[in-house]
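**Student:** Sequence:
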Amino acid sequence: MNKGQGFGFGLGKMKELTEAFKKAQQVQEGAKRLQEELENMEIEGQAGGGLVKVYMSGNQEPLSVQITDEALNEGAEVLSDLVKAAMQDAYNKSTATMRERMEELTGGLNLPGL
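The sequence shown begins at 0 in numbering that gives the first Met the number 0 and counts up by one.
If you're looking for bench data, these hints aren't it; they were derived computationally from the structure. Honestly, I wouldn't trust all of these hints.
Claimed, not checked - The list that follows gives simulated cross-link-like pairs (lysine-lysine, DSS-like), each with its CA atoms no further than 25 Å apart:
| no. | residue 1 | residue 2 |
| --- | --- | --- |
| 1 | Lys21 | Lys31 |
| 2 | Lys12 | Lys22 |
| 3 | Lys92 | Lys31 |
Given these sequences and hints, build the entire structure.
**Tutor:** Pasting the structure below:
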(Lines of atoms letter the chains of each structure in order from A; the text may use other names.)
(Lines give C-alpha, C1' and ligand atoms only; values in the text may rest on other atoms or scores of the structure.)
Protein backbone atom coordinates (compact mmCIF):
# COMPACT_ATOMS: atom_id res chain seq x y z
CA MET A 0 0.00 0.00 0.00
CA ASN A 1 1.42 3.40 -1.02
CA LYS A 2 1.53 6.22 1.51
CA GLY A 3 0.38 9.64 0.41
CA GLN A 4 3.20 11.75 -0.94
CA GLY A 5 1.45 15.11 -1.18
CA PHE A 6 3.76 17.91 -2.25
CA GLY A 7 6.75 15.57 -2.47
CA PHE A 8 7.04 14.64 1.19
CA GLY A 9 5.26 12.20 3.47
CA LEU A 10 3.29 12.74 6.64
CA GLY A 11 6.42 12.32 8.77
CA LYS A 12 8.00 15.35 7.12
CA MET A 13 4.78 17.31 7.52
CA LYS A 14 4.84 16.58 11.26
CA GLU A 15 8.48 17.78 11.43
CA LEU A 16 7.53 20.95 9.58
CA THR A 17 4.59 21.57 11.92
CA GLU A 18 6.86 21.12 14.94
CA ALA A 19 9.41 23.49 13.43
CA PHE A 20 6.71 26.13 12.95
CA LYS A 21 5.61 25.69 16.57
CA LYS A 22 9.19 26.09 17.78
CA ALA A 23 9.70 29.14 15.57
CA GLN A 24 6.56 30.73 17.02
CA GLN A 25 7.84 30.01 20.55
CA VAL A 26 11.15 31.65 19.66
CA GLN A 27 9.35 34.70 18.27
CA GLU A 28 7.29 35.06 21.45
CA GLY A 29 10.42 34.55 23.54
CA ALA A 30 12.26 37.18 21.50
CA LYS A 31 9.57 39.75 22.30
CA ARG A 32 9.90 38.99 26.02
CA LEU A 33 13.68 39.09 25.74
CA GLN A 34 13.58 42.49 24.03
CA GLU A 35 11.52 43.89 26.92
CA GLU A 36 13.84 42.29 29.46
CA LEU A 37 16.93 43.73 27.77
CA GLU A 38 15.37 47.19 27.67
CA ASN A 39 14.80 47.05 31.44
CA MET A 40 18.25 45.73 32.36
CA GLU A 41 20.90 47.94 33.87
CA ILE A 42 24.41 46.71 33.13
CA GLU A 43 27.40 48.30 34.80
CA GLY A 44 30.76 48.85 33.21
CA GLN A 45 33.63 50.34 35.12
CA ALA A 46 37.21 51.45 34.83
CA GLY A 47 39.99 52.50 37.13
CA GLY A 48 38.81 50.19 39.89
CA GLY A 49 35.45 51.93 40.03
CA LEU A 50 36.65 55.51 39.48
CA VAL A 51 34.26 55.68 36.53
CA LYS A 52 31.08 53.65 36.13
CA VAL A 53 28.85 53.55 33.09
CA TYR A 54 25.39 52.02 33.04
CA MET A 55 23.58 50.89 29.92
CA SER A 56 20.58 48.75 29.11
CA GLY A 57 20.83 45.26 27.70
CA ASN A 58 20.26 46.92 24.31
CA GLN A 59 23.37 49.11 24.73
CA GLU A 60 21.35 52.25 25.40
CA PRO A 61 23.38 54.57 27.66
CA LEU A 62 21.61 55.17 30.97
CA SER A 63 24.04 57.03 33.22
CA VAL A 64 27.66 57.76 34.08
CA GLN A 65 29.21 58.11 37.54
CA ILE A 66 32.57 59.83 37.92
CA THR A 67 34.33 60.04 41.28
CA ASP A 68 36.14 63.15 42.49
CA GLU A 69 39.36 61.13 42.34
CA ALA A 70 38.78 60.48 38.64
CA LEU A 71 38.18 64.19 38.04
CA ASN A 72 41.54 64.96 39.66
CA GLU A 73 43.29 62.73 37.10
CA GLY A 74 42.89 65.31 34.35
CA ALA A 75 40.88 65.41 31.15
CA GLU A 76 42.95 62.93 29.13
CA VAL A 77 42.96 60.23 31.81
CA LEU A 78 39.29 60.84 32.57
CA SER A 79 38.45 60.49 28.90
CA ASP A 80 40.30 57.16 28.78
CA LEU A 81 38.50 55.95 31.92
CA VAL A 82 35.08 56.86 30.53
CA LYS A 83 35.86 55.12 27.25
CA ALA A 84 37.11 51.99 29.07
CA ALA A 85 34.01 51.91 31.29
CA MET A 86 31.77 52.27 28.24
CA GLN A 87 33.59 49.43 26.51
CA ASP A 88 33.24 47.26 29.62
CA ALA A 89 29.49 47.91 29.82
CA TYR A 90 29.10 47.30 26.08
CA ASN A 91 30.99 43.99 26.26
CA LYS A 92 28.90 42.81 29.22
CA SER A 93 25.70 43.89 27.48
CA THR A 94 26.48 42.09 24.22
CA ALA A 95 27.58 38.97 26.11
CA THR A 96 24.31 38.99 28.04
CA MET A 97 22.30 39.45 24.85
CA ARG A 98 24.20 36.63 23.14
CA GLU A 99 23.68 34.25 26.08
CA ARG A 100 19.97 34.99 26.25
CA MET A 101 19.53 34.51 22.50
CA GLU A 102 21.37 31.18 22.66
CA GLU A 103 19.08 30.08 25.50
CA LEU A 104 16.08 31.15 23.46
CA THR A 105 17.08 29.47 20.18
CA GLY A 106 19.10 26.53 21.54
CA GLY A 107 16.29 24.01 21.15
CA LEU A 108 15.30 25.15 17.68
CA ASN A 109 16.15 22.45 15.19
CA LEU A 110 14.60 23.22 11.84
CA PRO A 111 14.67 20.38 9.32
CA GLY A 112 16.82 21.05 6.30
CA LEU A 113 18.83 23.83 7.96
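**Student:** Measure nothing beyond the straight line between the CA atoms of Lys21 and Lys31; if it is 25 Å or shorter, mark the hint as holding.
**Tutor:** 16 Å, holds
**Student:** Would you mind confirming whether the straight-line C-alpha gap from Lys92 to Lys31 stays at or under 25 Å?
**Tutor:** 21 Å, holds
**Student:** Please verify whether Lys12 and Lys22 have alpha carbons no more than 25 Å apart.
**Tutor:** 15 Å, holds
The earlier numbered hints are all upheld by this structure, with none contradicted.
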